[in-house]
Amino acid sequence: MKIRILFWVSLALLLQAQLCASAGRPNVVLILADDLGYADTGYTGCKDFETPNIDRLAENGIVCTNGYASHPFCAPTRAGILTGRNQHRFGFQENPGPKFSGFGLPETEITLPELLSKAGYRNALVGKWHLGVEEKHHPLNRGFQEFFGFFPGGHDYHSSDPAETDIHSWTHPLEHNGKSVAVEGYLTDQLTDSAVEFIKSEKDSPFFLFMSYNAPHTPLQASEEYLNRVGDIEDPTLRIYAAMIVAMDDGIGKIMATLEQEGLLENTLVFFMSDNGGSPAAPSNNLPFRGVKGTALEGGIHVPYLVYWKGKLAPGTYDKPVVSYDVFSTALAIAGADMPDDRVIDSKNLLPYLSGENKEAPHKHLFWQLADLQWAIRSESDKAINVAGESTYLFDMFTDLGESEDLSSTKPQTVRSLEETFHQWRQDLPEPTHKSDGIADTPGVASRTQQKALNDLRQTRK
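Mapping the sequence shown onto numbering that gives the first Met the number 0, position 76 (from 1) lands on 75, and the numbers just tick up by one.
Because the hints were derived from the structure by calculation, they are not lab data. Idealized CB from N, CA, C, for every residue including glycine. Mixed in with the good hints there might be a few duds.
DSS-like mimics (lysine-lysine), calculated; alpha carbons at most 30 Å apart, straight line [claimed, not checked]: (1) Lys309 with Lys253; (2) Lys46 with Lys451; (3) Lys46 with Lys253; (4) Lys135 with Lys319; (5) Lys319 with Lys309; (6) Lys410 with Lys451; (7) Lys178 with Lys199; (8) Lys178 with Lys135; (9) Lys311 with Lys202; (10) Lys199 with Lys358; (11) Lys46 with Lys309; (12) Lys117 with Lys199; (13) Lys135 with Lys98; (14) Lys358 with Lys311; (15) Lys202 with Lys117; (16) Lys319 with Lys363; (17) Lys98 with Lys451; (18) Lys117 with Lys410; (19) Lys178 with Lys202; (20) Lys178 with Lys253; (21) Lys319 with Lys46; (22) Lys311 with Lys363; (23) Lys98 with Lys46; (24) Lys98 with Lys178; (25) Lys202 with Lys309; (26) Lys117 with Lys309; (27) Lys253 with Lys199; (28) Lys309 with Lys358; (29) Lys410 with Lys363; (30) Lys46 with Lys117; (31) Lys358 with Lys410; (32) Lys253 with Lys311; (33) Lys199 with Lys311; (34) Lys135 with Lys117; (35) Lys46 with Lys135; (36) Lys319 with Lys410; (37) Lys358 with Lys319.
Cβ-Cβ distance ranges computed for the label pairs, FRET-style [what the hints assert, rightly or not]: (38) Ser390 with Glu430: 24 to 32 Å; (39) Thr398 with Ala162: 53 to 61 Å; (40) Val180 with Gly388: 24 to 32 Å.
Let the sequences and hints guide you as you build the complete structure.
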């Protein structure tokens, strides 16, 4: 009897120790804006409206001045974040939608929330999914225990139609863990409230929150409350766009305030970034960069990128190139979770670099591929970009982030070296699982965006 009692006491103590260890693990919060222009925050130079909560993250965190999305539009970047791999490694180059039946994040890919779940984490996706609508692609089947949001690339901000049966429709009801939910009030606020509720409910266990805002993605819609906040902006379209960002900024403030109120701020690593550059379908501002969403120019891929961890990361700036999917390895490292060893992982744990422990660049090269229309490669010092099969352009990333002066004629050896590195990388990749014209959601924008990118590049060649 004594042996049996000792066994159960020992087991209870072991379980208690495991729970305590699990509860002490850091939380991870990823806040992803959708189609946010680079200069659409205060800390990156916005003068038309204020973003005090994003700016506070920048002031107290690390500003990654060379932060990149892994793709020039929505879904592929998200696929890269959740797998820690450049999405082209599994042929993911398009946005899932009605034209691509059955397309979503491949089941063969291992996701960040799946790995965190094995380490004892609770995981929530709040907001936009955009990685497939079939049951096998459902967030709850890809490692998340909580899902409040929607499946397609965007959603109406004011309403949903309970009779809408097309899950790709932007008026389809929201979903909360399999149950239909109506849009109530203003969608950005509703998503924030769901995130706050999740944080409060999971405050005693480690969690991963993917706060996937759809702001300021089209449709351009804002509530009267937020429109009044930016009432001094005369241009009506810019006023709506600004109000959408102000609403998101308010939401970020509420999330950070909740972390502080629950005593979680010093045990939570927070990322903030955009999934790509500002869209040509909105009055976004990507200055000082050329280009927009849907291009491999800096304006399409160079994004606001912040990393914040109170008491663990000293505020400052980091100027070496980092990319959106670096969230993957960084989160796994602080969670003590196992990294997949049966595939190439492109993600890097950023903490040794951001802390100054490692002085090297996290990535020797970063790569972008946009269907057969554009490709680009960046080293720490140079970027080569090719559009429509014309000869490759070259820009100095130390002195010319605006891509204003093509150096290909004066540095032909650098061009050849980067071209060879890109094509070597590309030849080892599978063919895309789905192919179209390579541009996202807005009909008619594709050809204009590509032609504009080409014209912009031609102006740099003298």
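Hint by hint, here is what the structure shows:
1. Between Lys309 and Lys253, the direct Cα distance comes to roughly 17 Å. Compliance with the 30 Å bound is thereby established for this hinted pair.
2. A hinted pair counts as satisfied when its Cα atoms are at most 30 Å apart, and Lys46 with Lys451 qualifies at roughly 26 Å.
3. For the hint pairing Lys46 with Lys253, the CA-to-CA distance comes to about 23 Å; that is within 30 Å, so the pair holds.
4. Only pairs whose Cα atoms come within 30 Å are accepted, and Lys135 paired with Lys319 is rejected, the gap being roughly 37 Å.
5. The suggested pairing of Lys319 with Lys309 holds, with an alpha-carbon distance near 22 Å, which does not exceed 30 Å.
6. A distance of roughly 25 Å separates the Cα atoms of Lys410 and Lys451; the hinted pair therefore holds under the 30 Å criterion.
7. Distance check on the hinted pair: Lys178 and Lys199 sit about 21 Å apart at the alpha-carbon level, within 30 Å; holds.
8. A hinted pair counts as satisfied when its Cα atoms are at most 30 Å apart, and Lys178 with Lys135 qualifies at roughly 17 Å.
9. Under the criterion of a C-alpha separation no larger than 30 Å, the hint pairing Lys311 with Lys202 is consistent with the structure, at around 19 Å.
10. Annotation: proposed proximity of Lys199 to Lys358 is violated, straight-line Cα distance about 38 Å (limit 30 Å).
11. At most 30 Å may separate the alpha-carbon atoms for a hinted pair to count; Lys46 and Lys309 meet this at roughly 28 Å.
12. For the given pair, Lys117 sits about 22 Å from Lys199 by alpha-carbon distance, which is consistent with the 30 Å threshold.
13. Between Lys135 and Lys98 the alpha-carbon distance is near 18 Å, which keeps this suggested pair within the 30 Å criterion.
14. Pair hint Lys358 plus Lys311 holds up; C-alpha atoms about 18 Å apart against a cutoff of 30 Å.
15. Of the supplied pair hints, the one linking Lys202 and Lys117 holds, its CA atoms being roughly 18 Å apart against a limit of 30 Å.
16. With a C-alpha separation of about 10 Å, the suggested pair Lys319 and Lys363 falls inside the 30 Å cut-off, and the hint holds.
17. At roughly 26 Å between alpha-carbon atoms, Lys98 and Lys451 fall within 30 Å of each other, so this suggested pair holds.
18. This hinted pair does not check out: Lys117 and Lys410 have alpha carbons roughly 49 Å apart, beyond 30 Å.
19. With a CA separation close to 24 Å, the supplied pair Lys178 and Lys202 stays within the 30 Å bound.
20. A threshold of 30 Å between alpha carbons decides the hint, and for Lys178 with Lys253 the separation of about 25 Å falls inside it, so the pair holds.
21. Pair hint Lys319 plus Lys46 holds up; C-alpha atoms about 27 Å apart against a cutoff of 30 Å.
22. Of the supplied pair hints, the one linking Lys311 and Lys363 holds, its CA atoms being roughly 26 Å apart against a limit of 30 Å.
23. At most 30 Å may separate the alpha-carbon atoms for a hinted pair to count; Lys98 and Lys46 exceed this at roughly 40 Å.
24. Distance check on the hinted pair: Lys98 and Lys178 sit about 26 Å apart at the alpha-carbon level, within 30 Å; holds.
25. Taking the CA atoms of Lys202 and Lys309, the gap is about 17 Å. The hint holds against a cut of 30 Å.
26. The straight-line distance between the Cα atoms of Lys117 and Lys309 is roughly 26 Å, inside the 30 Å bound, and the hint therefore holds.
27. With a C-alpha separation of about 12 Å, the suggested pair Lys253 and Lys199 falls inside the 30 Å cut-off, and the hint holds.
28. Taking the CA atoms of Lys309 and Lys358, the gap is near 22 Å; set against the 30 Å cutoff, the hint holds.
29. At most 30 Å may separate the alpha-carbon atoms for a hinted pair to count; Lys410 and Lys363 meet this at roughly 19 Å.
30. Among the hinted pairs, Lys46 with Lys117 is inconsistent with the structure: their alpha-carbon atoms are about 45 Å apart, more than 30 Å.
31. This hinted pair checks out: Lys358 and Lys410 have alpha carbons roughly 27 Å apart, not beyond 30 Å.
32. Of the pairs offered as hints, the one joining Lys253 and Lys311 holds, with about 22 Å between alpha carbons and a cut-off of 30 Å not exceeded.
33. Distance hint between Lys199 and Lys311 is fulfilled; the C-alpha atoms sit about 22 Å from each other, no more than 30 Å.
34. Simply put, Lys135 and Lys117 have alpha-carbon atoms about 19 Å apart, close enough for the 30 Å limit, and the pair holds.
35. Straight-line distance between C-alpha atoms of Lys46 and Lys135 comes to about 44 Å, which puts the hinted pair past the 30 Å bound.
36. In summary, the hint linking Lys319 to Lys410 is supported, as the alpha carbons are separated by about 22 Å, within the 30 Å threshold.
37. Restraint check for Lys358 and Lys319: the C-alpha separation of about 10 Å stays at or below 30 Å, so the hint holds.
38. Take Ser390 and Glu430: their Cβ atoms lie about 25 Å apart, and the range 24 to 32 Å holds.
39. For the hinted restraint 53 to 61 Å between Thr398 and Ala162, the CB-CB distance of approximately 57 Å keeps it satisfied.
40. Our hint of 24 to 32 Å for Val180 and Gly388 is violated, since their Cβ atoms are close to 47 Å apart.
Hints 4, 10, 18, 23, 30, 35 and 40 from the list above are not met by this structure, while the remaining hints are.
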